[in-house]
Amino acid sequence: RLREQIKRSLAARENAVLACSALKRKYRDCLRVNRDVKFVFLRGDSALIAKQLRHRRGHFFDRALLKSQFDDLEEPQPDESALTIELGRTPQELVKEIKEKLHLSRG
83 RLREQIKRSL AARENAVLAC SALKRKYRDC LRVNRDVKFV FLRGDSALIA
133 KQLRHRRGHF FDRALLKSQF DDLEEPQPDE SALTIELGRT PQELVKEIKE
183 KLHLSRG
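Numbering (my numbering), first residue to last: 83 to 189.
Everything labelled a hint here was simulated from the structure, so no lab data went into it.
Incorrect hints may have been included.
For lysine-lysine, the following DSSO-like pairs were computed, each having C-alpha atoms within a straight-line distance of at most 30 Å [said to hold, decoys possible]:
hint	residue 1	residue 2
1	Lys108	Lys133
2	Lys89	Lys133
3	Lys89	Lys181
4	Lys108	Lys178
5	Lys133	Lys178
6	Lys89	Lys106
7	Lys106	Lys133
8	Lys108	Lys183
9	Lys181	Lys133
10	Lys108	Lys120
11	Lys178	Lys106
12	Lys106	Lys149
Per label pair, the in silico range of CB-to-CB distance [said to hold, decoys possible]:
hint	residue 1	residue 2	range
13	Leu155	Lys120	13 to 21 Å
14	Cys112	Lys149	23 to 31 Å
15	Glu168	Gln87	23 to 31 Å
16	Gln174	Phe123	17 to 25 Å
17	Glu182	Ala146	15 to 23 Å
The beta carbon of each residue, even a glycine, is placed where N, CA and C say it ideally should be.
All chains should be built: construct the whole structure from the sequences, respecting the hints.
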């Protein structure tokens, strides 16, 4: 379904932000329908992410699931042209950096 949404957004020439784990390169390759698709990898260690998940309201947190996701994770490689952003800051700071690096900031 995400791939189809990406195709629709590209066809309509619309920017879109879609969130999913895409832990493995083969999943990202499936979603990368052309060069206009950009991936943002939010990097953080398991302790930081566990802490953030524990503090989210209304969010189920399973330590075993988090461990299995880290076990499965294939970080994006340079040839994937993914933007890597380090976690550990406020959501507003993360969004600002992402917008700047993807040249989405309005002047």
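The hints, checked one at a time:
{"no.": "1", "hint": "Lys108 with Lys133", "verdict": "29 Å, holds"}
{"no.": "2", "hint": "Lys89 with Lys133", "verdict": "35 Å, violated"}
{"no.": "3", "hint": "Lys89 with Lys181", "verdict": "22 Å, holds"}
{"no.": "4", "hint": "Lys108 with Lys178", "verdict": "29 Å, holds"}
{"no.": "5", "hint": "Lys133 with Lys178", "verdict": "22 Å, holds"}
{"no.": "6", "hint": "Lys89 with Lys106", "verdict": "20 Å, holds"}
{"no.": "7", "hint": "Lys106 with Lys133", "verdict": "23 Å, holds"}
{"no.": "8", "hint": "Lys108 with Lys183", "verdict": "25 Å, holds"}
{"no.": "9", "hint": "Lys181 with Lys133", "verdict": "25 Å, holds"}
{"no.": "10", "hint": "Lys108 with Lys120", "verdict": "15 Å, holds"}
{"no.": "11", "hint": "Lys178 with Lys106", "verdict": "26 Å, holds"}
{"no.": "12", "hint": "Lys106 with Lys149", "verdict": "15 Å, holds"}
{"no.": "13", "hint": "Leu155 with Lys120: 13 to 21 Å", "verdict": "19 Å, holds"}
{"no.": "14", "hint": "Cys112 with Lys149: 23 to 31 Å", "verdict": "25 Å, holds"}
{"no.": "15", "hint": "Glu168 with Gln87: 23 to 31 Å", "verdict": "27 Å, holds"}
{"no.": "16", "hint": "Gln174 with Phe123: 17 to 25 Å", "verdict": "19 Å, holds"}
{"no.": "17", "hint": "Glu182 with Ala146: 15 to 23 Å", "verdict": "36 Å, violated"}
Hint check: violations occur at hints 2 and 17; the rest are consistent with the structure.
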